[in-house]
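If you're matching them up, the sequences are chains A, B and C in order. Under numbering that gives the first Met the number 0, think of the first position of the first sequence as 0, with each following residue one higher. Under numbering that gives the first Met the number 0, think of the first position of the second sequence as 0, with each following residue one higher. Under numbering that gives the first Met the number 0, think of the first position of the third sequence as 0, with each following residue one higher.
Since the hints were made in silico from the structure, they are not lab data. One or more of the hints may lead you astray.
Copies of the same chain are indistinguishable here, so a pair counts whether it falls within one copy or spans any two.
[To be verified] Within a straight-line C-alpha distance of at most 25 Å, the following computed SDA-like cross-link-like pairs (lysine to any residue) qualify:
(1) K89 to G208
(2) K89 to M341
(3) K141 to I210
(4) K89 to P369
(5) K89 to D342
(6) K89 to P343
(7) K89 to G181
(8) K141 to C269
(9) K141 to F49
Here are the chains, one letter per residue:
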Amino acid sequence: MTLLHPDRLFPVDPTTRAIARSLFATVETAPIVSPHGHTDPRWWGENPAFGDPASLLVQPDHYVLRMLVSQGVTYAELGIGPGAEPDPRKVWRTFAAQYHLFRGTPSRLWLDHALSEVFGIHARLSPETADAAYDAIDAALKTEAFRPRALYERFGIEVIATTDSALDDLAQHRAARDGWTGRVIPTYRPDAVVDPEFEGFAANLDRLGAITGCDTATWAGYLEAHRLRRACFIEMGATATDHGHPTARTADLAQSDAAALFDRVRGGTCSADDAELFRAQMLTEHARMSCEDGLVMQLHAGVHRNHNTAVFRAIGRDRGFDIPTQGAFVDALKPLLNAVGMDPRLRLILFTLDEDTYARELAPLAGVWPCLRLGPPWWFHDSFEGMRRFRQLATETAGFANTAGFNDDTRALLSIPARHDVARRVDCAFLAELVTSHRLDEDEAFAIAPQLAHGLARAVYNL
Amino acid sequence: MTLLHPDRLFPVDPTTRAIARSLFATVETAPIVSPHGHTDPRWWGENPAFGDPASLLVQPDHYVLRMLVSQGVTYAELGIGPGAEPDPRKVWRTFAAQYHLFRGTPSRLWLDHALSEVFGIHARLSPETADAAYDAIDAALKTEAFRPRALYERFGIEVIATTDSALDDLAQHRAARDGWTGRVIPTYRPDAVVDPEFEGFAANLDRLGAITGCDTATWAGYLEAHRLRRACFIEMGATATDHGHPTARTADLAQSDAAALFDRVRGGTCSADDAELFRAQMLTEHARMSCEDGLVMQLHAGVHRNHNTAVFRAIGRDRGFDIPTQGAFVDALKPLLNAVGMDPRLRLILFTLDEDTYARELAPLAGVWPCLRLGPPWWFHDSFEGMRRFRQLATETAGFANTAGFNDDTRALLSIPARHDVARRVDCAFLAELVTSHRLDEDEAFAIAPQLAHGLARAVYNL
Amino acid sequence: MTLLHPDRLFPVDPTTRAIARSLFATVETAPIVSPHGHTDPRWWGENPAFGDPASLLVQPDHYVLRMLVSQGVTYAELGIGPGAEPDPRKVWRTFAAQYHLFRGTPSRLWLDHALSEVFGIHARLSPETADAAYDAIDAALKTEAFRPRALYERFGIEVIATTDSALDDLAQHRAARDGWTGRVIPTYRPDAVVDPEFEGFAANLDRLGAITGCDTATWAGYLEAHRLRRACFIEMGATATDHGHPTARTADLAQSDAAALFDRVRGGTCSADDAELFRAQMLTEHARMSCEDGLVMQLHAGVHRNHNTAVFRAIGRDRGFDIPTQGAFVDALKPLLNAVGMDPRLRLILFTLDEDTYARELAPLAGVWPCLRLGPPWWFHDSFEGMRRFRQLATETAGFANTAGFNDDTRALLSIPARHDVARRVDCAFLAELVTSHRLDEDEAFAIAPQLAHGLARAVYNL
């Protein structure tokens with residue numbers, strides 16, 4: 000008995016299930032291509048041992064935190080913030096006691112997969128099994144086989160991208176490259192020096208100047224600093240940038256207007272409108288740079304961060320209180336697209352948390368603009384139902400070739416195989432349904448399955 | 000032969016259907032917990048005989064009215080308003096002649112259930128069967144067995160909540176409590192004294208003052224009057240309040256600003272913006288009161304009422320011309336949530352008619368804020384497809400425990416068993432699909448089914 | 000072996016599939032009623048031979064163009080615009096080489112259907128089969144059997160509506176009527192003389208005046224000109240108007256205000272707000288005219304046309320760069336509906352590209368206003384998944400009778416049988432699922448299937 004059924008997530012109809020199984024057999028053990036994620040570069044550079052089960056599987060996982068908090072568990076009970084429970088075993092027990100809350104959620108699939116496939120634990124987590132699971136995980140984490148680089152090999156990862164501040168020195172990437180055969184590449188994420196509302200924006204610009212030797216007090220120097228930093232990232236293997244913006248708004252101002260806007264923004268006196276306009280302009284500037292240096296752009300827009308002000312003040316970001324907002328891409332992207340959207344050198348991958356935009360906006364946009372690709376279902380939609388809806392809503396208008404393959408997009412290293420496993424299963428199930436409803440020939444499904452599993456990610460991200 | 004197939008609404012796959020059947024067998028005859036609805040308190044206080052079939056099943060049912068009107072039947076033909084047809088049998092025949100319009104709608108399921116299970120009528124309604132059905136219903140309604148209290152017993156109702164104006168004296172509830180063993184409880188619905196745009200708002204405030212002995216010309220006295228009225232409702236068994244607002248906007252003004260706003264509102268000179276702000280502020284005030292007195296809050300937001308002005312003027316509210324509007328919860332609820340959203344004494348149940356908000360806003364919000372729960376699919380979405388979409392869209396992010404069980408939300412007493420039957424079937428079908436796609440173990444499905452059928456409603460509403 | 004499986008698009012469950020098959024057998028060869036489309040009237044008036052395969056199947060099909068462009072094919076390679084490839088065979092080869100892009104899209108279903116059923120080509124299109132397919136099609140197009148009128152007969156078309164400018168002289172319709180037995184009727188599309196932002200609006204008004212003899216410099220004369228033109232269309236068989244507006248906004252100004260607005264609009268000095276208000280007012284004016292002359296109104300709202308400015312400038316409209324926008328109907332339609340929405344002579348068919356509005360707005364509106372009907376899934380949603388979602392989202396609130404049957408809505412004559420085939424299959428599949436989940440009796444499904452296939456279109460459009 001295992002926590003994982005071999006036919007999980009497959010269609011229930013026997014004919015369709017058999018096709019899904021056959022398709023999945025061709026991709027189940029294929030390499031993991033992970034072009035976008037948030038693993039800690041230190042893991043790859045220093046290859047440290049992980050800590051205890053709670054600090055590995057509970058405390059850093061915002062999906063887990065938010066569900067426990069939603070049912071009245073406090074952050075302190077989870078060992079976080081003021082009055083934090085210091086004993087990781089007690090934190091683990093609190094988690095295990097509430098494991099039933101995850102029924103029907105992707106967290107449950109990922110956690111069961113990690114317990115079962117990574118740690119060999121085959122009893123469902125519960126108050127009764129909590130201590131045994133804790134002991135087994137804790138013991139495993141003390142072994143060499145559970146250090147990051149060993150897990151990279153074991154998981155069959157071919158390449159993994161991290162997401163890194165424009166101000167990062169990439170020392171960990173250098174260490175990983177120099178001391179190891181794994182392929183860990185950075186991604187240029189310039190939010191801290193692009194978003195006037197980012198904490199410490201002015202100081203960040205100073206630091207950007209210091210790092211690059213550019214005069215970041217001028218628009219021209221500021222742009223040049225971005226170019227230089229992008230070049231450093233490319234030198235360390237980067238193939239992509241990532242932009243986390245409140246909205247997808249873009250702008251294409253005359254350069255004199257952009258320079259004047261930069262002066263206002265740089266002076267720290269800009270309005271909220273100016274801040275939004277500056278972010279918008281910078282997306283277009285980065286698109287132009289991408290035409291030159293070949294970095295693939297990713298745009299993650301549409302999240303209200305830190306909805307709970309008190310929690311943010313007490314214990315900071317990424318604690319589960321980020322909430323999606325309504326998406327709007329058609330007018331928002333028009334300036335950028337009309338500026339550089341027909342340039343064959345540009346590739347821009349769009350992500351959304353507003354599924355309404357799949358069929359209404361994103362598939363129609365990506366189904367015609369040659370630079371655009373649709374990123375896979377993001378965050379709350381990185382799930383069985385979310386992935387199914389994505390394929391059902393996007394495929395008829397955008398096809399498969401305008402999608403960008405799968406991103407695990409996670410800081411939870413142990414969930415990476417689980418996430419790719421879920422995506423591959425859901426995609427094979429979808430293809431099988433196309434076959435049994437005679438919307439696709441079987442040979443075509445076999446051609447598409449490896450594309451969705453790894454081929455598109457490799458191609459779209461230039462890996 | 001019956002109008003109802005025993006496997007209705009179950010999945011068609013034999014394995015899945017068998018599991019759904021087994022799950023449903025455990026809840027089919029479980030007590031009905033009805034924490035939110037609109038039955039007439041007089042029925043419970045006075046236990047009157049119902050009138051004729053038309054006045055029971057056609058004229059008060061806005062779902063039925065709207066469908067008939069949409070295909071050209073006039074209100075007058077249905078016995079409503081100017082020139083109303085006086086003969087209920089003729090109204091019934093008009094209804095029966097158009098019964099085909101309800102194919103594929105929840106009304107059809109509810110009506111067939113009432114005809115078949117409540118009245119023992121097993122021929123589909125049609126022009127040919129109209130008179131026989133009329134006669135059978137009419138005869139039944141003259142018997143003691145079809146009075147409200149007898150139906151309460153027959154339907155297996157454990158508790159039923161009505162929805163009552165803050166100005167209501169609850170005499171019918173008192174009569175029911177004193178003269179009968181059924182549990183009928185009121186719900187505090189203060190719209191008439193909270194919404195400055197409600198008909199007779201100023202007079203309503205005066206009456207609120209007269210009832211409570213508070214000075215409702217002052218902000219402090221006004222709030223105190225609410226507290227006293229809530230206490231009276233609690234004394235009669237209430238466990239919840241209900242708020243029907245055009246939007247979900249909340250506010251958390253400084254008390255001095257709130258008092259100044261109240262003065263403007265009280266003076267009858269407030270703008271539409273002030274009215275919206277006052278409603279917003281009052282949601283937060285009621286949330287604070289709920290922390291004190293324990294009443295569970297319900298928010299029903301997002302309806303454009305009385306879209307047809309002429310029909311509203313001629314025959315009033317609730318005639319079928321209410322239309323959903325776009326929902327927006329993330330910014331709207333932030334003030335209230337940041338004020339009291341982490342208070343363990345608060346519980347706030349959210350309802351929407353904009354299904355786009357399930358996955359984008361409501362499940363993410365309820366999946367982290369401990370005070371929030373998701374109400375079941377409301378009104379137009381109280382249906383097979385609506386309930387399925389709700390589970391598919393909300394479960395992966397909010398789980399089951401952050402949902403509030405089922406509300407029949409009806410003034411149509413005879414449809415109550417049908418509505419709970421539909422909800423239980425759809426939920427068991429959903430659980431069965433989770434099992435056969437191996438997203439949930441079978442024992443877990445059996446643990447969840449009774450929670451969805453009655454357990455969550457009892458727990459979330461403190462019943 | 001054929002490109003088309005006889006069970007395509009049917010449910011995979013054997014019981015449900017058998018019912019779907021039986022239902023489909025009753026409508027498969029039923030006449031095609033095509034109440035809204037864009038075939039070229041010249042085809043019917045002059046019955047010309049079609050050109051080569053590329054100019055018939057590739058170049059005019061904006062679905063095909065957009066997918067090819069999205070993957071980097073240029074318009075020039077497709078024989079369009081500056082530097083256009085002159086050899087249609089080379090264009091065809093480019094298309095065939097990219098045929099895999101259409102996997103999972105409705106274009107694939109339509110194209111396979113045309114190749115297989117119309118041309119008898121049974122090998123999947125690919126670089127290897129491109130030339131043989133080209134030759135077969137090219138040869139066929141030179142025969143009498145592939146002229147428009149012969150195809151009309153072969154396809155079993157009972158009636159087909161074109162869409163025609165208010166300024167069109169309908170000479171081709173007259174020629175078709177006088178020289179042939181087919182029923183080809185025009186549709187009054189007044190955008191060019193209603194939308195102040197339409198190219199050449201002022202000149203168009205002058206021409207409208209010249210054609211009708213009305214003084215289109217005055218509001219009264221302008222309205223009268225519309226009445227006269229509508230009468231001419233009716234005389235040529237028209238039963239409907241069609242309105243392509245950026246939004247669904249309507250207005251019901253006092254006539255003096257409308258006249259003043261017309262003066263501003265006519266003078267060419269109107270603002271964007273005035274332009275929108277004028278379009279809004281004209282929807283209500285046309286609704287009033289429809290009450291008088293009986294033309295059914297169609298409203299196609301919510302498209303951002305020509306998102307790519309450079310492509311628009313270089314090669315014009317309808318090249319694939321139209322993108323849907325967010326829909327909003329509730330407030331927008333209120334003025335028109337409150338003016339004439341209860342008039343039994345009015346019928347207004349609503350189309351949307353924002354599927355969110357199906358369940359939230361359109362089904363609730365059409366489920367009560369007697370003048371309203373829901374048009375079938377439009378454009379990007381004229382597809383398997385799109386049609387399924389439409390039925391799943393709209394039926395429970397609007398029923399079947401408030402929908403308007405199927406529109407092929409195409410300028411691609413050869414795809415007409417394919418499109419009706421898809422719609423009939425999807426609808427039969429949906430009905431079969433209602434039957435096996437016991438939401439509908441089997442005899443009722445057999446009553447509904449022909450309504451959806453042709454009955455409703457005939458009735459709703461007064462054909």
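Violations among the numbered hints, reported as their numbers in ascending order:
Hint check: 1, 3, 7, 8 fail, others pass.
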